[in-house]
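Undergrad: Sequence:
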Amino acid sequence: MAWLMILPALILNIFVMGGPILGTLGISLTNWDGIRPPKFIGLANFRKLLGDSGFFWAVLNNVRWTIFFVTVPIIFALIMAAVLSKVKRGQMVYRVLFFLPYIVMSVVVAKMWSLIFNPFSGIATVLAKFGIERTPLFLGNPDIALYSVAFVDASRYWIFLMIMFLTAFFQLDKSLEEAAKIDGANRVQNFLYVLVPQIRPTLVTIISLTFIWSFTAFDFVFLMTGGGPGNATELVSTYMYRLAMSSQQPGYASAIALVMVLFSAAYLTLMTLLRKRGWEI
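Residues in the sequence shown are numbered from 541 upward in steps of one, following this note's numbering.
Hint data in this document are derived by calculation from the structure and do not stem from the laboratory.
There are no misleading hints in this set.
BS3-like mimics (lysine-lysine), calculated; alpha carbons at most 27 Å apart, straight line:
| id | residue 1 | residue 2 |
| --- | --- | --- |
| 1 | Lys628 | Lys714 |
| 2 | Lys626 | Lys714 |
| 3 | Lys651 | Lys669 |
| 4 | Lys628 | Lys721 |
Please model the entire structure based on the sequences and the hints provided.
TA: Written out as structure tokens, the structure reads:
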């Protein structure tokens, strides 16, 4: 009976997910420019992938992006949620004020920060009035461009994380915190050894989702740098887009997409196996 209840959702999920995956698999085995009839070439696109330095550079940038997102916004959101959970008066007002920037569209946020980072009309001109002449090229310097875009994306993402952490904090056993205070624990010790362990399931879920979402990041890089300067901010998603749309290689782009799907599936499988073996994740 349980299977019958979930059968409609299961069929819908198979149709929505399975159809595009099978279509991508078929295209990945062809040499196709999107116009002329596709030509079957077998696994040639996957062999080409092994020697593609552009792909491996994009993967490296994704790794950097992921490391940034599983640390900076998560830690900041966790601290802000802990602070906000202690607010007694006007907490809902603060939550609404914090959440407002999150509902602004990515296009608007990206455009706004692009103007701020503009070396001719943005923050550089403001700082120059105070005698600070050497302002870094946030989007023009290959060494910091990726982290500048990641900062803009994280400026919205941490708000979502804060709301999730805040919800978890409201479900905690307050008696444990009171007992720790009686035993002489200060605020930092209370936070690290009492509060954080209790929200471990939420924290693990957020880290897992962030890990997966980081490898699908696209919008802010595409809108702010397009993968440049050079390929300094090129991610796998923008690399696939450029191959499919600009270079007219949808077959090769589909091969890259399948590799990333397999990578995500492997990660989820590993997490499931570790949980079955008793790991508290």
